[in-house]
Amino acid sequence: MELLVAAHIALGELGVFAFFWLIVELMHGPSDAGVLRAKGAALAGTALFFAAWLVGGVYYVVHYGSIIKPVIQQGTWPWTHSIFMETKEHIFLFLPFFSFATLAQVWQGAERLEKDSKLRGGLYVLAGVTALLGVLMTIMGYFVSSGFRHGLVL
Amino acid sequence: MPREREEKSSRVYLSMSVLAVANILTVISIVVLTIVAELFPPVKEFLNRLTGHHWITKGLLALAVFSITAGIGALVRREESRDPLGWSWFAGTVAFVGVIVLFLFFMGRFIVHPS
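These protein sequence lines map, in sequence, to chains A and B.
Under this note's numbering, read the first sequence as residues 1 to 154, first letter to last.
Under this note's numbering, read the second sequence as residues 1 to 115, first letter to last.
Since the hints were made in silico from the structure, they are not lab data.
A hint or two may mislead.
Straight-line C-alpha distance at most 20 Å; calculated SDA-like pairs for lysine to any residue [stated by the list, open to error]:
hint: 1; chain 1: A; residue 1: Lys69; chain 2: A; residue 2: Thr138
hint: 2; chain 1: A; residue 1: Lys69; chain 2: B; residue 2: Thr93
hint: 3; chain 1: A; residue 1: Lys69; chain 2: B; residue 2: His53
hint: 4; chain 1: A; residue 1: Lys69; chain 2: B; residue 2: Ile56
hint: 5; chain 1: A; residue 1: Lys115; chain 2: B; residue 2: Gly86
hint: 6; chain 1: A; residue 1: Lys69; chain 2: A; residue 2: Leu3
hint: 7; chain 1: A; residue 1: Lys118; chain 2: A; residue 2: Asp32
hint: 8; chain 1: B; residue 1: Lys44; chain 2: B; residue 2: Ile28
hint: 9; chain 1: A; residue 1: Lys69; chain 2: B; residue 2: Lys44
hint: 10; chain 1: A; residue 1: Lys118; chain 2: B; residue 2: Val21
hint: 11; chain 1: A; residue 1: Lys69; chain 2: B; residue 2: Gly52
hint: 12; chain 1: A; residue 1: Lys69; chain 2: B; residue 2: Trp55
hint: 13; chain 1: A; residue 1: Lys118; chain 2: B; residue 2: Arg109
hint: 14; chain 1: A; residue 1: Lys69; chain 2: A; residue 2: Ala6
hint: 15; chain 1: A; residue 1: Lys69; chain 2: B; residue 2: Trp89
hint: 16; chain 1: A; residue 1: Lys39; chain 2: A; residue 2: Lys115
hint: 17; chain 1: B; residue 1: Lys44; chain 2: B; residue 2: Leu63
hint: 18; chain 1: A; residue 1: Lys115; chain 2: A; residue 2: Ser31
hint: 19; chain 1: A; residue 1: Lys118; chain 2: B; residue 2: Leu63
hint: 20; chain 1: A; residue 1: Lys69; chain 2: A; residue 2: Lys115
hint: 21; chain 1: A; residue 1: Lys69; chain 2: A; residue 2: Glu2
hint: 22; chain 1: A; residue 1: Lys118; chain 2: B; residue 2: Trp89
hint: 23; chain 1: A; residue 1: Lys39; chain 2: A; residue 2: Thr138
hint: 24; chain 1: A; residue 1: Lys118; chain 2: A; residue 2: Leu3
hint: 25; chain 1: B; residue 1: Lys44; chain 2: A; residue 2: Gly65
hint: 26; chain 1: A; residue 1: Lys118; chain 2: A; residue 2: Met27
hint: 27; chain 1: A; residue 1: Lys118; chain 2: B; residue 2: Thr93
hint: 28; chain 1: A; residue 1: Lys69; chain 2: B; residue 2: Arg109
hint: 29; chain 1: B; residue 1: Lys44; chain 2: B; residue 2: Val101
hint: 30; chain 1: B; residue 1: Lys44; chain 2: A; residue 2: Val61
hint: 31; chain 1: A; residue 1: Lys39; chain 2: A; residue 2: Gln108
hint: 32; chain 1: B; residue 1: Lys44; chain 2: B; residue 2: Phe105
hint: 33; chain 1: A; residue 1: Lys69; chain 2: B; residue 2: Phe110
hint: 34; chain 1: A; residue 1: Lys39; chain 2: A; residue 2: Glu13
hint: 35; chain 1: A; residue 1: Lys69; chain 2: B; residue 2: Glu45
hint: 36; chain 1: A; residue 1: Lys115; chain 2: B; residue 2: Phe90
hint: 37; chain 1: A; residue 1: Lys39; chain 2: A; residue 2: Glu114
hint: 38; chain 1: A; residue 1: Lys69; chain 2: A; residue 2: Gly57
From just these sequences and the hints, can you work out the full model?
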């Protein structure tokens with residue numbers, strides 16, 4: 001179970017890192033090598049978010065409801081499940097689709113990334129939204145794990 | 001702009017709008033389905049029965065909505081979608097409104113029924 005949580009967090013954090021990396025690559029109107037790195041970052045980020053979805057889903061469906069949730073609900077911070085986990089588990093479903101849209105745009109528009117500022121502008125927003133959603137997941141995950149710790153010390 | 005380049009440009013811009021619409025409909029589906037399932041227990045039970053867990057069902061439905069919308073959009077190829085920045089802002093705004101709606105919904109439910 002701990003391995004699943006660790007893998008879920010690591011995959012998600014690396015996914016966020018990949019999308020921030022993509023934004024940095026787009027900033028200067030990437031040349032050939034920059035476009036290649038941007039495509040790599042978008043591909044890596046999307047693959048990492050899909051993997052985080054799968055691993056986190058297994059953890060959530062198999063372990064969370066039976067082991068973690070009861071401890072949080074009986075602890076002093078039950079709101080961390082009722083508000084943050086409930087919100088997190090549904091918002092997470094946005095992430096793979098925003099990351100895929102970014103990936104599709106980077107790969108389809110690769111040859112125009114250097115000169116087309118409109119396309120880069122759209123990609124800044126898509127990649128930025130994806131990365132921010134990932135950061136939100138991290139923050140909400142912190143609250144959920146804090147709620148679990150508060151349940152354990154009772 | 002040469003014709004070939006213009007066609008490629010149109011395809012890319014179109015894709016941004018199609019993917020933005022697919023994302024918007026996916027977000028709306030998730031938010032609406034989540035709230036309806038929480039307010040009406042038989043709906044949540046139905047979602048549970050379909051795959052064994054309501055969250056798995058919602059994920060698969062989101063995947064279906066996105067895939068079908070993007071697939072249809074790619075076939076339709078609407079020409080007025082030449083504003084990638086505007087479309088991505090639209091999709092991003094809907095996503096963050098979805099975040100706020102879900103957060104406020106679950107917070108309100110906890111305040112009314114703290115359990």
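How the hints compare with the structure:
1. Lys69(A) - Thr138(A): 18 Å, holds
2. Lys69(A) - Thr93(B): Violated. Lys69(A) to Thr93(B) sits at ~31 Å, over the 20 Å cutoff.
3. Lys69(A) - His53(B): 15 Å, holds
4. Lys69(A) - Ile56(B): 18 Å, holds
5. Lys115(A) - Gly86(B): It holds: about 18 Å lies between the C-alpha atoms, which stays within 20 Å.
6. Lys69(A) - Leu3(A): The given pair, whose Cα atoms are some 18 Å apart, holds under the 20 Å limit.
7. Lys118(A) - Asp32(A): Measuring from Cα to Cα gives roughly 19 Å; hence the hint holds.
8. Lys44(B) - Ile28(B): 17 Å, holds
9. Lys69(A) - Lys44(B): Within the cut-off at roughly 18 Å; holds.
10. Lys118(A) - Val21(B): Holds - the C-alpha atoms of Val21(B) and Lys118(A) are around 18 Å apart, at most 20 Å.
11. Lys69(A) - Gly52(B): Given that 20 Å is the threshold and the Cα spacing comes to 18 Å, the pair holds.
12. Lys69(A) - Trp55(B): 15 Å, holds
13. Lys118(A) - Arg109(B): 42 Å, violated
14. Lys69(A) - Ala6(A): Roughly 18 Å between the alpha carbons, so the hint for Lys69(A) and Ala6(A) holds.
15. Lys69(A) - Trp89(B): 36 Å, violated
16. Lys39(A) - Lys115(A): Holds - the C-alpha atoms of Lys115(A) and Lys39(A) are around 16 Å apart, at most 20 Å.
17. Lys44(B) - Leu63(B): 18 Å, holds
18. Lys115(A) - Ser31(A): 9 Å, holds
19. Lys118(A) - Leu63(B): 28 Å, violated
20. Lys69(A) - Lys115(A): 50 Å, violated
21. Lys69(A) - Glu2(A): Cα-Cα ~15 Å, so holds.
22. Lys118(A) - Trp89(B): 12 Å, holds
23. Lys39(A) - Thr138(A): Answer violated: Lys39(A) to Thr138(A) is near 25 Å, above 20 Å.
24. Lys118(A) - Leu3(A): Violated, because 42 Å separates the two Cα atoms, which is more than 20 Å.
25. Lys44(B) - Gly65(A): 15 Å, holds
26. Lys118(A) - Met27(A): 12 Å, holds
27. Lys118(A) - Thr93(B): Distance of about 18 Å is within 20 Å: holds.
28. Lys69(A) - Arg109(B): 17 Å, holds
29. Lys44(B) - Val101(B): 19 Å, holds
30. Lys44(B) - Val61(A): 15 Å, holds
31. Lys39(A) - Gln108(A): Judged against 20 Å, a Cα distance of about 10 Å means the pair holds.
32. Lys44(B) - Phe105(B): 16 Å, holds
33. Lys69(A) - Phe110(B): Holds. Lys69(A) to Phe110(B) sits at ~15 Å (cutoff 20 Å).
34. Lys39(A) - Glu13(A): Answer holds: Lys39(A) to Glu13(A) is near 19 Å, not above 20 Å.
35. Lys69(A) - Glu45(B): 19 Å, holds
36. Lys115(A) - Phe90(B): Not satisfied, since the Cα-Cα distance of roughly 23 Å exceeds 20 Å.
37. Lys39(A) - Glu114(A): 13 Å, holds
38. Lys69(A) - Gly57(A): Within the cut-off at roughly 15 Å; holds.
Hint compliance for this structure: hints 2, 13, 15, 19, 20, 23, 24, 36 are broken, all remaining hints hold.
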